[in-house]
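J.: Next come the chains, spelled out residue by residue.
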Amino acid sequence: MMQWETVIGLEVHVQLATQSKIFSGASTAFGAEPNTQACAVDLGMPGVLPVLNENAVAMAVKFGLAIDAEIPETSLFERKNYFYPDLPKGYQTSQMAQPIVGMGNVEITLDDGTTRTIRVHHAHLEEDAGKSLHEDYHGMTGIDLNRAGTPLLEIVSEPDMRSAKEAVAYIRAIHAIVTYLGISDGNMAEGSMRCDVNVSVRPKGQAAFGTRAEIKNVNSFRFVEKAIAFEVERQIELIEDGGQVIQETRLFDPERDETRAMRTKEEANDYRYFPCPDLLPVTLDSAYIDHQRALMPELPSEKRQRFENQLGLSAYDAGVLASSRAMAEYFEAVKEACGDAKQAANWVQGELSANLNRENLEIGDSPVTAEQLGGLIQRVMDDTISGKAAKQVFQALWDGEADSADAIIDARGLKQVTDTGAIEGMVDQVIADSPIQVAQYREADEAKRGKMIGYFVGQVMKASRGTANPQQVNSLLKQKLDQA
Amino acid sequence: MAIEHADVLRAAHLARVGLSDDEATGYVDDLSRILEMVDQLQAVDTQGISPLAHPLDATQRLRPDEVTEHSQRERFQACAPATEDGLYLVPRVVE
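Note that the protein sequences, when read in sequence, are chains A and B.
The numbers in this note's numbering rise by one with no breaks, and the one at position 236 of the first sequence is 236.
The numbers in this note's numbering rise by one with no breaks, and the one at position 69 of the second sequence is 69.
Any given hint could turn out to be false.
Claimed, not checked - Listed next, with one range per pair, are the computed distances between beta-carbon atoms:
| hint | chain 1 | residue 1 | chain 2 | residue 2 | range |
| --- | --- | --- | --- | --- | --- |
| 1 | A | GLU70 | B | THR59 | 32 to 40 Å |
| 2 | A | MET45 | B | SER20 | 28 to 36 Å |
| 3 | B | GLU66 | A | ASN346 | 39 to 47 Å |
| 4 | A | MET45 | B | ARG33 | 29 to 37 Å |
| 5 | B | THR59 | A | GLU336 | 17 to 25 Å |
| 6 | A | THR114 | B | GLU66 | 44 to 52 Å |
| 7 | B | GLN77 | A | GLY31 | 18 to 26 Å |
| 8 | A | PHE274 | B | HIS5 | 19 to 27 Å |
| 9 | B | THR46 | A | PHE30 | 45 to 53 Å |
| 10 | A | ASP185 | B | THR46 | 20 to 28 Å |
| 11 | A | GLY243 | B | SER20 | 37 to 45 Å |
Stated by the list, open to error - Only some residues are given here: those of chain A computed to face chain B with a beta carbon under 7 Å:
| hint | residue |
| --- | --- |
| 12 | GLN19 |
| 13 | LEU52 |
| 14 | PHE83 |
| 15 | GLY142 |
| 16 | TYR273 |
| 17 | PRO275 |
| 18 | LEU279 |
| 19 | VAL282 |
The hints are simulated quantities; they were obtained by calculation from the structure and are not laboratory data.
Quick caveat: nothing in here was measured; it's all calculated off a predicted structure.
Built from N, CA and C at the ideal position, the CB exists for glycine as well.
Sequences are here, hints too, so could you generate the full structure?
T.: Structural data, given as structure tokens:
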């Protein structure tokens, strides 16, 4: 049986979070009425002149710096020519020979904690096309050009990935970088991040790449994994049955969980790139690049290291908490509010994550704020409430019963009794009420006693309605029962 | 460098220019002469000279990221052959 190796390269299109378009002053806001955000420049009207958006440049530069890429002093815009109704000018303004971001590196972390470096070949700025609506308009196609001219950063990887899992880890890493930088909302469902996946297979040990197929229309982390899995199997079966993979563009159909060949046209890929005469070369001096560097926030890998080295979290905890900007910010706010990183990490990854997962919510939608959770953790740390009561308080916060842990503790009378006199009274009462159990306990050996004491602890906790400090109850009981 | 009849038809198709066979034959000659001139230029030693992207010795001015254009949909769509629900309508595109 032949052993096969999968080779994957990805082109990730990231929609940049600018206010206006890459070459015009039309708005990029999502969800507007059709064609109300397509101005004369976006429509390719005669006589218009595109002017490059400084913020799109700044965002691309920040991405380049985040992946340790070279930022060339000069970059160029070119025209990529093809005809399609949602591309009014007959060309897409893009970059090819001299992109704005050169070679870089993205570190990916796999589920088992191992890391790998995936090389980025380059990243370039380009404009998005409009949308074709294929619902039936009396046998015609509807065109909405609001999206035309929205800035995209296309990030092109080297064919460095060897499994669907690595490809997903890479997209997650890109997603984390762009959302940390705030250069994209990273919303895959709304199309803010879209992927073209290049997949080929080759016999293990062979140096030359196999023929690749490009899969378009892959717009979720899960679909990337599924599309690759299907495509790899298709190619292996094809070759093993004596066939040949042909270089083609395929579409992923999430409903049928398969890839299908798109109608292929021989000349489809002849884009006849040439420098755009309407746009001059873009030059970026080192002062500009340094300025952008100074504006960059802490990145996921830096955060992970700081969580590990300065806050003393485990590598695993640090990795999970730094995985998204929203998660990291929430965790840091909880830590700020309670003053203990370890406790904050446990609660965010434990109770909070469990609740979020159960209700399928993102951390940004958490009904419990970081300040509320921090306040709750404080009450556990200063022994005001037991760990058990804390879970109850958390649930009450989640359900919106009150707006602080303290208010819930008061309302429900959950304050732990730590007054030794009061606990002693309850302990004495329980011992007096349980003569049979006391006699059994005193006849038992040390090993059995350890188990039997649970009964008495339970009785005292019941008498205190859960508010007695369990450690205190335990030690008082032991002292009194062991005495006679 | 010579150009073939098929090359002309292909270039015309890529540019969506309709050419008859006779017209294409004429262009084989014209384009071949242009390419001969390009061949002459190719003979020049350009070692160490970076390609010229733009004839102007200037660099791109950048625009602040502000929304300055507002909807003029009705005006733009006044010259469109067909519209509906704010959409431009075009002959059906089959994927």
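J.: Could you run down the list of hints and mark each one as holding or not?
T.: Consistency of the hints with the structure:
Under the hint 32 to 40 Å, the C-beta atoms of GLU70(A) and THR59(B), about 19 Å apart, miss the expected range. Remark: the range hint 28 to 36 Å for MET45(A) to SER20(B) is upheld by a beta-carbon distance near 31 Å. The beta-carbon spacing between GLU66(B) and ASN346(A), approximately 46 Å, falls within the hinted interval of 39 to 47 Å. The supplied range of 29 to 37 Å is met by MET45(A) and ARG33(B), whose beta-carbon atoms lie about 35 Å from each other.
Taking 17 to 25 Å as the suggested C-beta distance range, the pair THR59(B) and GLU336(A) does not conform, at roughly 45 Å. At roughly 46 Å, the beta-carbon separation of THR114(A) and GLU66(B) lies within the given 44 to 52 Å, and the hint holds. At about 20 Å, the CB distance of GLN77(B) to GLY31(A) agrees with the hint of 18 to 26 Å. For the hinted restraint 19 to 27 Å between PHE274(A) and HIS5(B), the CB-CB distance of approximately 24 Å keeps it satisfied.
Distance hint check for THR46(B) and PHE30(A): the Cβ-Cβ separation is about 47 Å, which falls inside the suggested range of 45 to 53 Å. For the pair ASP185(A) and THR46(B), the beta carbons lie near 45 Å from each other, so the given range of 20 to 28 Å is not met. The hint said 37 to 45 Å for the Cβ distance between GLY243(A) and SER20(B), and at roughly 41 Å that hint holds. Given hint, GLN19(A) at the interface with chain B, holds; its Cβ is 5 Å from that chain's nearest Cβ, closer than 7 Å.
Using the Cβ-Cβ criterion of 7 Å, the hint placing LEU52(A) at the interface with chain B is satisfied: the shortest such distance is roughly 5 Å. The beta carbon of PHE83(A) is positioned within 7 Å of a beta carbon in chain B (closest approach about 6 Å), and the interface hint is therefore held. At a threshold of 7 Å, the smallest CB-CB gap from GLY142(A) to chain B is about 4 Å, leaving the interface hint in force. With a least beta-carbon distance of about 12 Å to chain B, the hint placing TYR273(A) at the interface is violated under the 7 Å criterion.
Of the supplied interface hints, the one on PRO275(A) holds, with its beta-carbon coming within about 5 Å of a beta-carbon of chain B, less than 7 Å. Taking 7 Å as the C-beta cut-off, the interface hint given for LEU279(A) holds, the closest approach to chain B being about 6 Å. Restraint check, VAL282(A) versus chain B: the minimum CB separation of about 5 Å is within 7 Å; hint holds.
Consistency with the previously given hints fails for numbers 1, 5, 10, 16, ordered from lowest to highest.
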